[in-house]
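There are 4 protein chains.
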Amino acid sequence: MAGNSIGQSFRVTTFGESHGIALGCIIDGVPPGLPITDTDIQHDLNRRRPGTSSYTTQRREQDEVKILSGVFEGVTTGTPIGLLIENKDQRSQDYSAIKDLFRPGHADYTYEQKYGGLRDYRGGGRSSARETAMRVAAGAIAKKYLKMQYDIQIRGYLAQMGSIVCDFKNWNIVDSNPFFCADASKLTELDSLIRLLKKEGDSIGAKLTILAEKVPAGLGEPVFDRLDADLAHAFMSINAVKGIEIGDGFKVIKQRGSQHRDEIRTNGFQSNHAGGILGGISSGQIISANLAMKPTSSITIPGKTITRFGNEIDITIKGRHDPCVGIRAVPIAEAMMAIVLMDHLLRYRAQCSAVNNLVICKQPAFTS
Amino acid sequence: MAGNSIGQSFRVTTFGESHGIALGCIIDGVPPGLPITDTDIQHDLNRRRPGTSSYTTQRREQDEVKILSGVFEGVTTGTPIGLLIENKDQRSQDYSAIKDLFRPGHADYTYEQKYGGLRDYRGGGRSSARETAMRVAAGAIAKKYLKMQYDIQIRGYLAQMGSIVCDFKNWNIVDSNPFFCADASKLTELDSLIRLLKKEGDSIGAKLTILAEKVPAGLGEPVFDRLDADLAHAFMSINAVKGIEIGDGFKVIKQRGSQHRDEIRTNGFQSNHAGGILGGISSGQIISANLAMKPTSSITIPGKTITRFGNEIDITIKGRHDPCVGIRAVPIAEAMMAIVLMDHLLRYRAQCSAVNNLVICKQPAFTS
Amino acid sequence: MAGNSIGQSFRVTTFGESHGIALGCIIDGVPPGLPITDTDIQHDLNRRRPGTSSYTTQRREQDEVKILSGVFEGVTTGTPIGLLIENKDQRSQDYSAIKDLFRPGHADYTYEQKYGGLRDYRGGGRSSARETAMRVAAGAIAKKYLKMQYDIQIRGYLAQMGSIVCDFKNWNIVDSNPFFCADASKLTELDSLIRLLKKEGDSIGAKLTILAEKVPAGLGEPVFDRLDADLAHAFMSINAVKGIEIGDGFKVIKQRGSQHRDEIRTNGFQSNHAGGILGGISSGQIISANLAMKPTSSITIPGKTITRFGNEIDITIKGRHDPCVGIRAVPIAEAMMAIVLMDHLLRYRAQCSAVNNLVICKQPAFTS
Amino acid sequence: MAGNSIGQSFRVTTFGESHGIALGCIIDGVPPGLPITDTDIQHDLNRRRPGTSSYTTQRREQDEVKILSGVFEGVTTGTPIGLLIENKDQRSQDYSAIKDLFRPGHADYTYEQKYGGLRDYRGGGRSSARETAMRVAAGAIAKKYLKMQYDIQIRGYLAQMGSIVCDFKNWNIVDSNPFFCADASKLTELDSLIRLLKKEGDSIGAKLTILAEKVPAGLGEPVFDRLDADLAHAFMSINAVKGIEIGDGFKVIKQRGSQHRDEIRTNGFQSNHAGGILGGISSGQIISANLAMKPTSSITIPGKTITRFGNEIDITIKGRHDPCVGIRAVPIAEAMMAIVLMDHLLRYRAQCSAVNNLVICKQPAFTS
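Residue numbers (the numbering used here), protein chains in the order written: chain A, 185 to 552; chain B, 185 to 552; chain C, 185 to 552; chain D, 185 to 552.
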């Protein structure tokens with residue numbers, strides 16, 4: 185059944201397999217008047233793009249995006265935007281060996297079960313992380329709108345890889361290394377770990393932190409379409425994500441109420457344990473989330489599995505894979521944050537109005 | 185904008201404020217033929233019900249549910265089921281003191297911002313956890329269907345409160361103590377902690393584990409309506425939840441790929457790090473999730489805040505509150521799991537069929 | 185599968201059977217700040233209410249509506265509004281005779297097929313027009329909002345019954361006769377026809393005209409969620425509706441392009457063949473629609489049918505029925521128009537904004 | 185706000201402007217196992233294609249469709265199908281003259297109002313009927329599935345053009361003339377009318393009849409997502425449609441109940457005034473609908489309008505236009521019927537099951 189759309193007022197629908205002809209998406213609900221060019225979208229696509237460093241898969245895709253509709257004379261018209269990226273570096277022959285296998289840790293077995301034995305096995309088909317390119321493209325449009333219209337900024341970084349904890353130092357560092365790491369002192373360690381993993385043919389998990397600054401108070405539609413619930417949905421829909429935290433996340437288990445609750449003074453909230461969301465609605469504080477990304481399942485260390493015909497075998501997955509999928513997931517997670525915020529901004533505006541001279545939707549008292 | 189519905193094929197829509205006349209919900213999409221009575225629903229409502237032990241709020245609500253439609257001669261007809269619970273023990277006077285305040289850690293401030301200063305301040309109004317009664321009621325119907333039709337069993341327990349880790353011992357213990365704890369050896373410790381918190385006027389966070397057994401392989405609609413994404417959405421929509429894990433969750437950060445991936449033999453998967461979901465689709469294994477619940481924000485220890493008029497004051501929240509909201513959240517989280525699985529079972533069936541004599545949707549090879 | 189909700193930003197979900205305990209609905213997405221009381225809703229319910237004249241069914245229902253949530257201190261808060269009407273005058277014994285029959289012209293057979301033989305046969309159960317009471321209740325809230333906020337007025341009248349064509353004379357007449365007829369000179373004729381039908385035990389079809397005045401230009405979301413498409417959906421979802429026209433409707437078949445197109449001058453459109461909608465978007469002109477309502481199927485003239493067990497029999501439907509369902513459908517159709525316009529106003533506002541100092545959504549040049 | 189998707193379980197989302205780079209769509213929810221090739225889709229596209237006879241616009245588009253995803257080794261996999269048609273014969277210079285005008289009868293004015301003055305004026309941009317090519321493409325996939333899996337056949341014909349009524353004679357005739365006329369004796373008359381209109385620079389309205397045969401009983405989700413309501417929505421979303429009838433449609437106004445109701449015998453319904461739908465659910469009879477199509481607004485007879493700057497002028501619309509848009513709308517209307525039936529078949533299957541050994545969803549007793 186249909187499941188490839190996200191968002192209600194701002195809706196993104198994607199298609200495309202890893203080794204198919206092309207990836208594409210339709211972005212419906214972009215307000216008119218937003219200046220947008222291929223270049224705006226390409227910037228984030230390049231951040232996610234494979235083959236850009238020795239730390240990621242060596243599949244070389246230019247990921248050149250084409251805007252097919254919805255933009256006229258450089259500006260959005262309010263009609264749906266169609267985007268297309270052609271696959272160029274498919275090496276389908278790499279995958280014929282695994283055609284009849286279920287790679288452990290992959291979605292081969294579940295796709296086989298769900299779709300009655302019919303699946304595009306080449307590179308994981310639809311289950312490949314290649315699909316996320318279109319999320320990044322759609323997210324780039326949302327990001328630009330949020331920035332231009334509300335000065336909202338969405339950024340993420342690698343907070344941990346294996347045992348290497350990378351604290352936040354500053355954003356400039358993030359942009360200047362291939363790990364999206366915000367702590368320059370950890371770069372050597374990260375580099376060594378990736379080299380080791382490559383040598384061993386293994387992979388590692390990661391933790392990402394994603395922040396949204398200057399989000400106005402009032403976004404989120406309780407009780408089910410809460411902002412945090414929709415963020416959890418969006419983040420968990422990214423390949424390899426196994427855990428999500430908003431604000432203090434799992435640390436709250438040991439916290440006392442007197443410690444967790446964010447006290448308020450006239451200059452604003454005095455802390456941000458909540459991660460910028462209270463009762464499912466943005467508070468005007470920074471929205472913060474952590475994502476746990478599992479280690480890549482495509483590794484060269486042999487693993488036990490069965491064939492579609494029920495025979496037990498050991499497999500070694502060859503091909504071009506990231507030793508840590510968490511690295512390239514930073515722009516993907518930013519994109520999902522942007523898509524959700526964009527949707528909720530539009531939904532918020534729908535409700536926002538004055539009735540009978542009663543002033544509704546006044547500005548928040550503070551936005552610290 | 186509308187945000188009080190969850191699910192597509194099986195859709196639950198709720199209404200009701202903590203101190204309003206009644207809570208209600210409409211459950212749309214229940215297949216015909218399910219025998220259902222008030223008693224079936226009441227069982228889970230009683231598990232969630234306040235005032236049943238000294239460990240939870242002393243608000244005494246019988247939470248008697250009435251089935252208003254959709255059931256005829258004891259059996260569902262396929263038309264929408266309307267449910268109603270009248271509020272009986274509203275003590276609205278308790279709340280007049282906080283009418284013009286923003287209780288720290290609560291949704292008072294964000295509701296004020298979102299809805300232009302208009303809100304039912306009595307007991308938190310719509311943002312109160314009282315709203316979750318209807319989720320439990322709807323979940324009870326889903327649970328019964330899943331059990332009768334597929335033998336699916338959904339159960340949860342308290343995995344941790346503060347620093348007290350409660351391992352799973354057996355399900356009988358869970359049903360026989362007010363903490364939903366599965367480890368009898370921890371009951372004294374839990375009791376002492378709650379007593380201490382009550383004395384101190386403080387509260388504590390908790391971790392819950394929810395499991396679904398015998399879920400068939402094939403549920404979940406990638407790439408956005410993945411089963412894990414929809415579960416994350418449903419869980420995060422529960423009041424006080426700040427973190428979610430599927431399977432190994434945040435432990436994956438330190439895992440190697442060789443360690444995380446669940447290997448396969450003809451007798452089934454050899455481990456379950458994935459938590460029963462691969463590529464957003466159920467694998468036939470046990471589905472497992474953890475939830476982090478923040479400590480109750482309603483505590484008697486004074487807290488700093490401001491009034492709607494911008495004056496700084498200290499408040500002490502009186503009233504009848506749970507020192508650990510995590511306790512009563514077990515049946516709520518089970519209900520959300522049931523609602524999501526029910527929705528995805530119906531969605532799965534929509535797609536399931538034979539085309540042109542090609543057999544589709546064969547049974548999984550194993551369901552261990 | 186779930187199908188009892190209408191609208192996206194403003195969403196109405198209903199439940200209830202003709203002879204069940206109660207009818208109810210949840211109205212989600214009402215903006216905060218709208219003053220609303222039971223009386224506001226009761227007015228339209230009374231217009232639809234059975235038993236008020238000798239021209240309609242003699243079932244006597246007070247249709248007293250209770251607001252259960254979403255309104256605080258007389259004003260909407262933005263949270264979902266739960267409404268309830270208890271059924272009082274169910275005479276289920278009337279229907280036991282038809283328990284195992286498929287009344288011709290009714291939904292008995294199709295419900296039987298759809299829901300596997302399980303249905304509440306009392307008074308048609310969910311397929312009864314009694315269900316529309318909740319539509320009228322929800323529509324009353326939409327109407328009030330549209331009127332207060334935008335001065336939009338939605339009104340309808342009986343345009344034809346059988347061969348009696350009732351032209352529009354003025355609105356005062358509509359309110360002063362039980363037929364919703366706008367032409368005083370036709371009242372005697374209508375009265376005679378209804379008396380004749382009652383004597384003969386037969387029924388008759390009708391045509392309604394529904395108008396919305398002062399709707400701003402810009403509502404409607406092409407290409408699928410066009411305003412006219414959503415109106416067609418809403419109207420056709422009313423029991424007994426078999427045809428819908430927007431503007432000139434079926435008259436366009438014989439029209440030339442030079443005759444149909446509404447020319448424009450600086451003082452506005454020079455005609456309104458389009459019925460106020462162009463390209464699926466409101467033009468600022470009056471929105472007009474016609475509905476064709478089939479004759480009541482519940483008549484006392486014997487009809488041929490079969491039982492659930494496959495036996496052929498003749499039936500005479502007793503009970504309390506309208507000789508012309510079209511009469512009481514006027515407030516129902518107005519309500520559906522209001523619900524759709526309300527939804528589209530909220531959706532329109534979501535998109536409406538200034539980007540980068542570019543002024544978007546300026547007022548229409550004219551609204552004649 | 186997003187409005188370019190139709191369907192829930194089977195969902196079609198489209199993009200593309202008349203003179204943009206390309207048109208495209210995503211078809212989400214196609215069950216796995218359906219053999220599909222470009223040729224299957226091309227057949228219906230060719231029936232809709234412009235430039236194929238002297239009776240339609242002379243814009244020459246090959247409308248060659250490319251399948252970009254969702255089909256592997258000739259068979260659908262259950263993942264979304266991306267389709268693309270490149271625009272080849274855009275002559276944008278034709279339209280620069282009308283850049284700042286509102287063509288009467290067109291959506292120029294309403295798009296201008298809705299989207300804040302930003303619109304792709306070339307050939308009507310998104311409001312052009314060119315958009316419907318993707319509907320036909322999506323409909324072709326639905327049609328094939330419905331035919332293969334359920335032997336459902338969806339066909340339409342031109343029932344009237346201006347005053348020329350074309351009765352149904354047989355389907356072979358429909359396929360052998362460019363008017364989709366089912367009555368060979370009217371072809372000369374139709375030809376003369378079109379020639380006259382071309383000479384006069386005018387256009388004419390039309391009526392279409394669309395039929396679906398062998399649709400199983402039970403499709404449709406009351407009370408809002410009724411099958412007839414969803415069909416009305418889908419048909420009214422087609423450019424130029426101003427009226428819709430199901431079954432007897434507007435003829436019911438003058439009918440008696442004793443005349444309209446379809447009586448039942450063991451060999452099936454004795455008539456089909458209802459048009460195959462009762463209570464919003466298919467009855468197993470032939471589903472029939474009529475559509476009223478307005479005359480093309482693009483005509484060379486001068487018309488009065490204003491510019492965006494408020495100046496009154498007369499315009500003559502040049503370019504390549506159909507004198508009767510109704511002609512080419514037959515395959516479009518068939519496609520919309522197929523999309524709605526496909527969606528409802530999947531939705532029906534979601535609900536269809538046995539609970540606790542109670543047999544649900546037995547086959548209809550008859551399907552005449």
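Some hints could be false.
Given that identical chains are not distinguished, each listed pair holds provided it fits within a single copy or across any two copies.
As the list claims (entries may be wrong) - Derived SDA-like pairs: lysine to any residue, alpha-carbon spacing no greater than 25 Å straight-line: (1) K272 - T221; (2) K438 - S472; (3) K435 - H457; (4) K250 - D273.
It is worth saying that the hints were derived from the structure and are not from the lab.
Outcome of the hint check:
1. K272 - T221: Classified as both; 22 Å inside a copy, 22 Å across copies.
2. K438 - S472: Both ways: K438 and S472 sit 19 Å apart in one copy and 22 Å across, limit 25 Å.
3. K435 - H457: Intra 10 Å, inter 22 Å, cutoff 25 Å: intra and inter.
4. K250 - D273: The answer is both: 17 Å in one copy and 20 Å across copies each meet 25 Å.
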